[in-house]
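A.B. asks: The chain contents come next:
2 protein chains.
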Amino acid sequence: MQNDDAHIEKLLKAKIRDIPDYPKPGIMFRDITPMLKDPSAFGACIDAISNRLSDTKFDYVVGIEARGFIIGAAVANKMGKGFVPVRKKGKLPYKTIATDYQLEYGAQSVEMHEDAVEKGSSVVIIDDLLATGGTAAAASFLIKSAGAQVRGYAFVVELDGLNGRTRLGNVPVTALVRY
Amino acid sequence: MQNDDAHIEKLLKAKIRDIPDYPKPGIMFRDITPMLKDPSAFGACIDAISNRLSDTKFDYVVGIEARGFIIGAAVANKMGKGFVPVRKKGKLPYKTIATDYQLEYGAQSVEMHEDAVEKGSSVVIIDDLLATGGTAAAASFLIKSAGAQVRGYAFVVELDGLNGRTRLGNVPVTALVRY
Numbered sequence: 002m003q004n005d006d007a008h009i010e011k012l013l014k015a016k017i018r019d020i021p022d023y024p025k026p027g028i029m030f031r032d033i034t035p036m037l038k039d040p041s042a043f044g045a046c047i048d049a050i051s052n053r054l055s056d057t058k059f060d061y062v063v064g065i066e067a068r069g070f071i072i073g074a075a076v077a078n079k080m081g082k083g084f085v086p087v088r089k090k091g092k093l094p095y096k097t098i099a100t101d102y103q104l105e106y107g108a109q110s111v112e113m114h115e116d117a118v119e120k121g122s123s124v125v126i127i128d129d130l131l132a133t134g135g136t137a138a139a140a141s142f143l144i145k146s147a148g149a150q151v152r153g154y155a156f157v158v159e160l161d162g163l164n165g166r167t168r169l170g171n172v173p174v175t176a177l178v179r180y
Numbered sequence: 002m003q004n005d006d007a008h009i010e011k012l013l014k015a016k017i018r019d020i021p022d023y024p025k026p027g028i029m030f031r032d033i034t035p036m037l038k039d040p041s042a043f044g045a046c047i048d049a050i051s052n053r054l055s056d057t058k059f060d061y062v063v064g065i066e067a068r069g070f071i072i073g074a075a076v077a078n079k080m081g082k083g084f085v086p087v088r089k090k091g092k093l094p095y096k097t098i099a100t101d102y103q104l105e106y107g108a109q110s111v112e113m114h115e116d117a118v119e120k121g122s123s124v125v126i127i128d129d130l131l132a133t134g135g136t137a138a139a140a141s142f143l144i145k146s147a148g149a150q151v152r153g154y155a156f157v158v159e160l161d162g163l164n165g166r167t168r169l170g171n172v173p174v175t176a177l178v179r180y
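Respectively, the protein sequence lines represent chains A and L. Using the numbering used here, you'd call the opening residue of the first sequence number 2 and step up by one each time. Using the numbering used here, you'd call the opening residue of the second sequence number 2 and step up by one each time.
Okay, chain A solo, but in the shape it has when bound:
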């Protein structure tokens, strides 16, 4: 199991590109697009997340706009689950619930359809990157506001130094690659 984890981390890191000073000076951006375009790396990424969630009972994958849509939708389809988008403000056509939060590069607001998840249902929240945890915590707030439960979080990349996990409460968090 630990060997598998090390193997997938090495495989994916080889396909993640470092972009210095993006989107702001001093930030090292981890660009997953070379990984996404590589069929075996992308497939291994989706398989690994699905495997790590295989013992978690949940109804929906919640994917956070926009890279979280790529990872989340593929995992949802692979696992036979429904997919629920959490979007930036003003992008969803039906009645929404919204929340504001601070993130690494400024303030942000995210929304979810008010009927996106049923009271008593359960979800896993997926995004490409766990940085400060602000976006994931905001998505969790929306899910709980709708009366549903967050059973786990999954990310491709986790930036260890920002301690994002501390904002996600007592819920299992998995990430395939750490920096």
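Don't read these hints as lab results, they were simulated from the structure. Please read these numbers as outputs of a predicted model, since none were measured by experiment. Some hints could be false.
Which copy is meant is left open, so a pair is good if it fits within one copy or across any two.
[What the hints assert, rightly or not] Mimicking EDC-like on lysine to aspartate or glutamate, the simulated pairs with C-alpha atoms at most 20 Å apart in a straight line are:
| no. | residue 1 | residue 2 |
| --- | --- | --- |
| 1 | 96 | 39 |
| 2 | 92 | 5 |
| 3 | 14 | 161 |
| 4 | 58 | 39 |
| 5 | 16 | 5 |
| 6 | 14 | 48 |
| 7 | 92 | 19 |
| 8 | 16 | 60 |
| 9 | 96 | 116 |
| 10 | 58 | 22 |
| 11 | 120 | 161 |
| 12 | 16 | 32 |
We have chain A already, so just place chain L on it with the hints.
C.D. replies: The following block gives chain L in isolation, referenced to the frame of chain A:
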């Protein structure tokens, strides 16, 4: 085959919600979020697109931000292909090529990483909706600018009255649901 097509169209239409006057008065928005959250409808949608592309030879699925990420990434993973995002301007971290175009609700600019597809490679372009075809044609322009070939287009929904297909040239276009 025609029976299958009619079956999938009926199944998906039952899960697509009509939102009048969104995003502008007079526009009937076709909201696929109830379909996405339904595991069997979402699964059937991805299976149907994958089946219709099964005889097409291509290297990458190109998904158009943002709902095209949801459909495109799931299809790419299902078919064992790589995924390439075409994004709104200013969202991609590496060097990009861009193009401007007109769409139903105003002007827009889309970008792709300059190394997203190799010269001589081939792609299928996927989005949730074919309306005027402006966005898909812009994505196609980017692919061709990079020296790659567009072998097909796939959409969940096609709005027949807007004749989007006429802008996509002599390339196979498939859509699961028509209005």
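A.B. asks: So, for every hint listed, does it hold in this structure?
C.D. replies: Hint by hint, here is what the structure shows:
With identical chains, the CA atoms of residue 96 and residue 39 are at most 20 Å apart between copies only, with a shortest distance of 19 Å across copies and 38 Å within one. Taking the shortest alpha-carbon separations for residue 92 and residue 5, neither the intra-copy value of 38 Å nor the inter-copy value of 32 Å comes in at or below 20 Å. With identical chains, the CA atoms of residue 14 and residue 161 are at most 20 Å apart within one copy only, with a shortest distance of 15 Å there and 44 Å across copies. Proximity of residue 58 and residue 39 under a CA criterion of 20 Å is satisfied inter-copy only: 16 Å between copies versus 30 Å inside one chain copy.
For the identical chains of this complex, residue 16 and residue 5 are intra-copy neighbours only, at 17 Å inside a copy versus 39 Å across copies, given an alpha-carbon limit of 20 Å. For a Cα distance limit of 20 Å, the shortest separation of residue 14 from residue 48 inside one copy, 16 Å, qualifies, whereas the shortest one across copies, 30 Å, does not. For the identical chains of this complex, residue 92 and residue 19 are inter-copy neighbours only, at 16 Å across copies versus 30 Å inside a copy, given an alpha-carbon limit of 20 Å. In this assembly of identical chains, the alpha carbons of residue 16 and residue 60 lie at most 20 Å apart only when taken from different copies (17 Å versus 31 Å within one copy).
When the C-alpha separation of residue 96 and residue 116 is checked against a cutoff of 20 Å, the pair qualifies only within one copy, where the shortest distance is 8 Å, while the shortest distance between copies is 39 Å. In this homomeric assembly, residue 58 and residue 22 never come within 20 Å of each other (Cα to Cα): the closest approach is 40 Å inside a single copy and 38 Å across copies. In this assembly of identical chains, the alpha carbons of residue 120 and residue 161 never lie at most 20 Å apart, being 33 Å within a copy and 37 Å across copies at closest. For the homomeric pair residue 16 and residue 32, the shortest alpha-carbon distance inside one copy (9 Å) is at most 20 Å, but the shortest distance between copies (35 Å) is not.
In terms of the numbered hints stated before, the structure departs from hints 2, 10, 11, listed from lowest to highest.
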